[in-house]
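Novice: Listed below, chain by chain, are the residues.
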Amino acid sequence: MDASYFLISLLNGLSVGLLLFMLASGLTLIFSMMGVLNFAHASFYMLGAYVAYSITQVIGFWWGLLLAPPLVGVLGALFERHALRRVHKFGHVPELLITFGLSYIILELVQIIWGRQAVNFLPPESLRGPLFTIVDLPDSLSFAWGAPPEVCKAVAGAVCTQFPAFRAFGMAVAVGMLVAIWLLLTRTRIGLVIQAALTHPEMVESLGHNVPRVFMGVFGGGTALAALAGVIGGALRVTEPSMALAVGAVVFAVIVIGGMGSLAGAFVASVGLGVIESFAVGSDRSIGDGLRALGMAVTPDTFGYAVWAVKMSQVAAILPYLLLVLILIFRPKGLFGTREG
Amino acid sequence: MNLNRGRWLVWGGYAAVMIVAPLLFTTSLSHTMLSQMGIAIIACLAYNMLLGQGGMLSFGHAVYSGLGAFFAIHTLNLVSNGQLALPVSLVPLVAGFFGGLFAVLLGYVTTKKAGTPFAMITLGVGELVWAMSLMFPGFFGGEGGINGNRVAGQPFLGISFGPQIQLYYLIAAYTFVCTALMFAFTRTPLGRMLNAVRDNPERVEFVGYSTQIVRYLAFIASGFFMGISGGLAALNFEIVTAEVVSATRSGAFLLFTFLGGATFFFGPIIGAVLMVLALVLLSELTLAWLLWLGLVFTFMVMYAPGGISSLIMMNLRVASFGRLKPLLPHYAALAVVGLLVVLSAGAMIEMVYHLQLNEALGPKMKYLGIALDAKSAGSWLSAALVTAVAVVAFEWLRRRFARDWNRTQEEIAAEIQRREAAAA
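Residue numbers (my numbering), protein chains in the order written: chain S, 1 to 341; chain U, 1001 to 1424.
None of these hints come from the bench; they were simulated from the model. Keep in mind it's a predicted model, so treat the numbers as computed, not measured. Some clues are possibly wrong.
[As the list claims (entries may be wrong)] Pairs of lysine-lysine residues, derived as DSBU-like cross-links and limited to a Cα-Cα distance of at most 30 Å, are as follows:
hint, chain 1, residue 1, chain 2, residue 2
1, S, K333, U, K1112
2, S, K333, S, K89
3, U, K1112, S, K89
4, U, K1375, U, K1364
Work out the full structure: start from the sequences and follow the hints.
Specialist: Structure, rendered in C-alpha cells:
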C-alpha cells in the first residue's frame, strides 16, 4: 500500500465518517433526551437534501444550506407536537412505531413531489473542483493546492490523486456542528435546561420551564441536524428516494456500537466505521488470501470456499452490522455507553 | 384445557371458512390470494408471538421466513433431482427447522436486549443477512433467485400439488395446525412468562426467571413458524429471490400485524388478510398505496394502538351493553366524510402522478369517471376545496363522536359498578 493511496483512503474515510456522525448526533441526541428512537431520522436527512435542492434551483446553494435545516427542523417539531406527543403516554414501542409510519409517509411524499428518479443536486460552482492534489512521484510525495500541477502529465509514473473541495467543506461543516452542539449543551443556559430536563423533568417543570416544549425543541433540533447532513450528503452523493434507506440502517448500527445515547461514542463509532469501510472498499484481497499468507492451503475445493473467496470490498457493505453483532456479544453497553438495555 | 362450546364453535368456524373459501371464490386469482393469505396468517401470528405477547418489536423478522424459504426451495430441488426422498408436503417442516435453527443462532445476540435496543439490533441483523444474500449468489441465486418445481417425486393418492387448489389445501392445513399450535403456546407456562416479561421484566427477574432466556425461547419458537410460512411461500411461488429477506418484507410484517392488532391473538389474522388484499389489490389501484398505508398506520398508532381487532372488541363490548345503536349514525357520517377526504385527496395525488408518468398522454385524465385536467387550475382548486371542506367536517364529526363515545364508556363503567353492587 503506497502513501498517497493510504492518505486519500484515510481522508475519504474521515469524510464519510463525519457525514455519518452528523446524522448519528441528531439521532442519539433525540434518543438520550426523550428515549425515542426516531426511525424516520434518515427520512428527515432525505427531506433536507430535497428541500435544499428546491431552494438551490431558485436562489442558490448557500441559501439552501442555510434555510433547509431550519425548515425541516420546523416540520420535525410539528410532528413531535401533533403526533409523537400524543402517543408518548402509550410507551416507547408506539413512539417507535409512529416514526416508522412517518418514514413511509415521507418517502411517498418525496416521490410525489420530486419524482421517483434522482434529481440533479450539485455542489456550488465554487466548490466543484479539487481542493488539493496529492502528487506521488516515484521518489517523493508532495501536495499541491487546486488542480493537478503540470508535473502529473510531464513525469512518467506520477500518480496524482485529487481531493474534492466539497468533501473538505462537508468535513468542516461537520466539525463546526460538533463544536456548536457541544458548546450549546455545556456552556449555555438552554443546554443546562435541556440536560436537566433529561434527568429531572419534574424539578425542571416546577422551576417554571415548559418541559414538553424543550422536548419539541430537541426533536426539531435533531431533525434539523439530519437535514444539514442531508444537504451535504445529497450534494456529495446522489439525491434520490432510496437515499434514506441506504443510510438509515447504518446510522442505527453506529449509535448501538457507540453506546445508546452517547454523543462521544457516536463520534468514535461513525468516524471509525467510515475509515474502516473506506479501506475495505479499496482492497480486493479476500479472506482466503489472508489465510494463504498464513501458510494455509485454500483452494476452490476447500470447504466453504464461497466464504473464503469473498473480497474485502464486498465485506465493506456488511461491516457495520458485523461490528454491531460483535460489540453486542463482547461489550453490550457499546463503546462509550453507560447503560445496558 | 377447558373445551367449551364457544371454543369448538370458533375453531370449527375457522376451519370451515378455510375449507369453503376456495369453493366460493373460484377464480385463479382468488385461489392464489387465498394461498397467500394462509401463508401470511402463519407469518403474522408468528411475528405477533414477539410483538404482542413478548413486547419485542422486530425490524428484521423476514430473515427467518426468508432463510426458511431458501432452504425449502433447495430441498425441493434435491427432491426433484431424486437425491432426497421426501414428500413435498413435508418441505415446509424442513423450512421451519432451518428458520428455528437461524433463530437459535441469531436470536442469541438479538434477545440479549429488550425494548428499543432490541428493535435496532434486529434491524442490524436483518441488514446483515440481506447484504450477505447478495454476497453469496451460489446459495441465494443472485438477482434472478432460485427456481424450483413443486411437482416432484411420486404423487400421493393422486395429489401432485400441481394445481393451485391442491396446494391451497396443504397451506390451509398448515395454517390451521400452526394457528392452533401458536394459540396453545400462549397457554403454556412459557407463553405466560412471556407476557410477564412484556409487562414487568423487573419482577420476572425477582421471581427467579431470566428474562433473556424467556425472550430467547419465544424467539426460537417464532423463528420456527416464520420458517414454515417461508417454506409454504417457496412452494406457492416456486421461486425465491433475495427480496424475501429484505427490510421491506420485515416492515410489512410489522405494519400489518400491528394494523390487525397485536393485543388479541386473532388480530394478526385480520392483519394478514389485509396484507394480501393491500399487496395484490390496493397496489393495482393506485401508485400511492404506500402513502395511504403509512397514513392509516400512523393514525392507528395515534388513535387505536390496539389495531382493528381492538376496535372490533371495543364495539362488541358497547354492543353487549346495548349502547351501540346511538353510535351507528356517527359511524355512517364518519365513513361518508372520511371516504370523501380520501377520494378528493386521492384525486390530487393521481393528478401529480399523471403529470409525472403519463406526460405523453396529455393532461386530460379520468378519475372515478370524472374528467380531470391535471394542468388546469379548476381541477386542482375544486379537488383542494373538497378536501379542505371534508377534512374540517371530518374533524367536527370526530369531536362529536369522541364526546359521545367517552360518555358511553363512562355509562358502561357506571353500569358495571351498579351490577357489581347489586350482586354483592
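Novice: Does each hint fit the structure? Answer for all of them.
Specialist: We went through each hint and held it up to the structure:
1. S:K333 x U:K1112: It holds: about 11 Å lies between the C-alpha atoms, which stays within 30 Å.
2. S:K333 x S:K89: Measuring from Cα to Cα gives roughly 27 Å; hence the hint holds.
3. U:K1112 x S:K89: holds, 26 Å
4. U:K1375 x U:K1364: holds, 8 Å
Figure legend: structure checked against the earlier numbered hints; every hint is met.
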